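The whole structure should be built from the sequences, with the hints applied where relevant.
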Amino acid sequence: MGLPAETAARGGFATNRFAEPRSGDGPSESASSGADGSTPSSDRSDDVRLPDGTGTERRNLATLAAYTVALRVSWIFKTESVVMPALLDTLTAPLVGVGGTGGAGWVQGFLPLLNRAGQSVPPMLYADSLRDRPVKKWSVWATTLGMALPFALLAVLLWTLRERFAGTAAVAGFLALYGLFFAATGLNQLGFSTLQAKLIPPARRGRLIAAGGVLGSFAAVTVAYGFLAGWRAEGPASFAAPFAATAAGMLLSSALVLFVREAPDEPAGNRGSRRFSVRGQARDAAAVLRSDGNFRRIAAVASLFVTAQLVFPHYIVLARESHGAGSLPLILFVAAQNVGAGLFSVAVGWVADRRGNRLAVRGCLIGLAALPPLALVLARQEDPRLLAALFFLLGLTPVAFKAVTNWTLELTEPENHPRYVSTLKLCMAAPFLLAVPVGALVDVAGHGPAFLGVSALVAAGCGLTWLAPEPRSFFTEPSPKRS
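Using full-length UniProt numbering, you'd call the opening residue of the sequence shown number 1 and step up by one each time.
Everything labelled a hint here was simulated from the structure, so no lab data went into it.
Certain hints may be false.
Unchecked claim - Simulated DEER-style distance windows between Cβ atoms:
(1) R261 <-> L289: 14 to 24 Å
(2) A287 <-> R232: 43 to 53 Å
(3) A459 <-> T54: 35 to 45 Å
(4) T54 <-> E382: 47 to 57 Å
(5) W466 <-> A152: 41 to 51 Å
(6) L452 <-> A389: 14 to 24 Å
(7) G55 <-> A347: 21 to 31 Å
(8) T222 <-> Q381: 49 to 59 Å
Every value quoted in this text rests on a predicted model; they were computed, and no experiment measured them.
By construction, the Cβ of each residue, glycine as well, lies at the ideal position given by its N, Cα and C atoms.
And the structure:
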């Protein structure tokens with residue numbers, strides 16, 4: 001595929017269809033023309049995709065925020081840092097002959113590996129197909145349904161088989177469903193990112209993060225305490241109700257997509273054969289990396305950022321080893337993480353809208369680099385409730401993912417958004433090849449070396465943000481036309 005000539009000529013920065021060049025007494029030459037001397041089109045009639053202008057934009061912003069809220073409520077019952085590793089720890093305990101905890105760190109390593117593989121490879125293979133679809137919301141609708149199905153099946157299995165859901169077959173089946181869920185999630189995130197880029201201007205996407213984060217966190221915590229007050233992870237059957245709630249919430253989320261107003265894209269002409277080719281998809285991703293130096297810098301930051309997830313499953317295992325499986329207030333941990341996500345989404349969204357996504361990502365990485373050392377300190381304390389501070393900071397993670405994605409979207413034209421997002425996710429997948437070795441390191445050397453190593457990598461990613469671009473500095477919000 002490759003980049004359009006204008007984008008490549010400008011070092012990866014593309015004309016922003018929602019923005020005008022910065023101006024003082026008149027338009028800046030550097031902002032209004034490319035390196036090749038070409039002048040981006042300023043015909044704003046070509047930029048309008050929605051029939052009702054501002055009114056439709058507001059409706060779509062509210063609808064997408066409601067979708068985010070419903071998805072957040074669904075997600076709280078399967079939190080990656082608490083619920084999923086706790087179930088896997090329960091399933092592996094009999095296999096390694098340990099009473100209360102599994103102690104199989106290398107098996108826990110499959111969780112981040114499958115998580116990131118599902119969110120990276122399927123989007124890369126689907127990007128061109130999504131780009132050519134005139135209406136993007138149907139992709140979001142279908143993939144949200146696909147996210148619900150694995151948890152509906154898992155809830156049925158856990159409830160009907162109960163303690164018989166154990167052994168190697170149970171672990172393998174759980175990991176298979178987990179992988180299918182994240183394959184659907186990867187496709188869903190690609191579709192949602194592309195849809196919001198089509199419908200919401202760059203300087204208002206932070207509002208979507210903030211609205212979905214605050215309302216979503218409040219709703220998720222309220223529902224979790226109402227539905228699972230006093231819940232303890234005691235046996236496989238105890239996870240059936242949370243997973244049924246996850247499936248139900250995602251079914252509701254899929255219904256909300258139907259209320260999005262989206263005008264079909266105009267045909268983009270002949271883009272060549274749409275015959276599927278893994279080699280072709282990989283070649284297109286390589287073309288983005290080769291052609292756009294700005295994207296390469298952001299991808300390097302993102303690749304170091306995601307190493308934080310390599311130790312996520314081990315936080316709750318460390319807590320269970322330190323305090324015992326039955327004494328942990330898991331709902332408190334889940335609530336703390338969601339409250340953190342809500343509060344951080346306000347701050348990060350505000351910074352992203354006013355100062356750009358680069359600064360927002362930098363702030364997130366500072367907090368995430370502090371997490372592993374903090375976990376080692378808090379796990380030694382007598383009161384397990386103090387670990388809620390750790391999970392509160394973990395709320396930075398989903399906010400950081402959205403900020404990194406929005407940062408990337410500002411580099412190029414809307415028609416390239418699926419390819420850029422899928423390539424970004426592919427770059428973020430590479431570090432997860434270390435997930436199982438990191439888990440094995442935890443088994444052999446304990447949590448300290450793995451945690452401190454990950455902290456150093458995330459800190460390095462934070463440092464690289466000073467070398468990465470801020471696309472927002474080249475554009476400003478549309479201003480009223482002068483008479």
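To see whether the hints hold, each was checked on the structure:
1. Between R261 and L289 the CB atoms are about 35 Å apart, so this pair departs from the stated range of 14 to 24 Å.
2. Separated by about 51 Å at the C-beta atoms, A287 and R232 satisfy the suggested range of 43 to 53 Å.
3. Range check, A459 to T54: about 42 Å between beta-carbon atoms, so the 35 to 45 Å window is met.
4. Hint check: T54 to E382, Cβ distance near 56 Å, so the stated range 47 to 57 Å holds.
5. Taken as a hint, the range 41 to 51 Å holds for the pair W466 and A152, whose Cβ atoms sit roughly 46 Å apart.
6. Against the hinted window of 14 to 24 Å, the Cβ-Cβ separation of L452 and A389 comes to about 19 Å, which satisfies the hint.
7. Between G55 and A347 the CB atoms are about 29 Å apart, so this pair conforms to the stated range of 21 to 31 Å.
8. A hinted range of 49 to 59 Å is violated for the C-beta pair T222 and Q381, which are about 28 Å apart.
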